[in-house]
Amino acid sequence: NAGVTQTPKFRVLKTGQSMTLLCAQDMNHEYMYWYRQDPGMGLRLIHYSVGEGTTAKGEVPDGYNVSRLKKQNFLLGLESAAPSQTSVYFCASSLRPPGTGKGEKLFFGSGTQLSVL
Amino acid sequence: LAKTTQPISMDSYEGQEVNITCSHNNIATNDYITWYQQFPSQGPRFIIQGYKTKVTNEVASLFIPADRKSSTLSLPRVSLSDTAVYYCLVGGGNQGGKLIFGQGTELSVKP
Numbered sequence: 472n473a474g475v476t477q478t479p480k481f482r483v484l485k486t487g488q489s490m491t492l493l494c495a496q497d498m499n500h501e502y503m504y505w506y507r508q509d510p511g512m513g514l515r516l517i518h519y520s521v522g523e524g525t526t527a528k529g530e531v532p533d534g535y536n537v538s539r540l541k542k543q544n545f546l547l548g549l550e551s552a553a554p555s556q557t558s559v560y561f562c563a564s565s566l567r568p569p570g571t572g573k574g575e576k577l578f579f580g581s582g583t584q585l586s587v588l
Numbered sequence: 005l006a007k008t009t010q011p012i013s014m015d016s017y018e019g020q021e022v023n024i025t026c027s028h029n030n031i032a033t034n035d036y037i038t039w040y041q042q043f044p045s046q047g048p049r050f051i052i053q054g055y056k057t058k059v060t061n062e063v064a065s066l067f068i069p070a071d072r073k074s075s076t077l078s079l080p081r082v083s084l085s086d087t088a089v090y091y092c093l094v095g096g097g098n099q100g101g102k103l104i105f106g107q108g109t110e111l112s113v114k115p
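Chains as they are written, first to last, in our numbering: chain U, 472 to 588; chain P, 5 to 115.
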């Protein structure tokens with residue numbers, strides 16, 4: 472049982488390039504999230520999904536797009552990377568709405584370190 | 005969304021008990037309080053969750069007063085390996101699943 476797997480773990484892009492980060496979970500979770508974490512800072516929500524085929528904006532959605540075509544996968548895309556998008560990106564998932572009791576919690580991946588030059 | 009406020013940083017020594025308090029004045033009736041721990045270069049991991057009074061597991065205790073406007077994470081007899089950032093989160097279900105982290109508390113445990 473792998474849990475939440477993020478691909479790739481590291482990536483260096485040039486300004487203007489595009490790329491897609493993949494998050495895969497094998498726990499049949501409905502809820503999936505993308506966060507970014509800048510050095511010395513907390514996590515900021517980019518986009519999230521409450522089920523297959525759904526996406527919603529978080530706190531900092533600009534410059535990113537997401538898709539949830541399959542329940543187990545949540546893709547984060549950068550169409551034209553900018554240096555301000557240099558960050559560590561974390562994906563997380565939850566079976567039910569996290570924070571609603573019954574021990575519902577987020578499971579996080581190990582992160583993707585992205586540098587945009 | 006219920007906003008949370010925590011101290012930015014705390015220092016402690018090995019063997020001491022550490023209490024980290026989180027304020028959440030506008031917590032909703034259905035909201036639970038959840039704490040996560042994050043080590044450097046890792047994703048956060050769940051520590052404990054509660055709704056009211058006291059919850060205890062093998063890692064920590066969570067104290068929630070009757071008005072639920074704050075909560076306190078208690079780590080007994082900390083060790084160097086407890087050095088991490090601790091996040092308090094409130095709710096998520098009432099906001100359609102939108103879950104926003106606060107700034108967290110950076111705990112530094114010294115020998």
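Rather than coming from a laboratory, the hints here were simulated on the basis of the structure.
Any given hint could be a false lead.
[Claimed, not checked] Straight line, CA to CA, 30 Å or less: simulated BS3-like cross-link-like pairs of lysine-lysine:
id, chain 1, residue 1, chain 2, residue 2
1, P, 73, U, 528
2, P, 56, P, 102
3, P, 73, U, 541
4, U, 528, P, 114
Verification of the supplied hints:
For the given pair, residue 73 of chain P sits about 28 Å from residue 528 of chain U by alpha-carbon distance, which is consistent with the 30 Å threshold. For the hint linking residue 56 of chain P to residue 102 of chain P, the alpha-carbon distance of about 22 Å falls within 30 Å, and the restraint holds. A hinted pair counts as satisfied when its Cα atoms are at most 30 Å apart, and residue 73 of chain P with residue 541 of chain U does not qualify at roughly 39 Å. Simply put, residue 528 of chain U and residue 114 of chain P have alpha-carbon atoms about 40 Å apart, too far for the 30 Å limit, and the pair is violated.
The structure fails hints 3, 4 (numbered hints given earlier, in ascending order).
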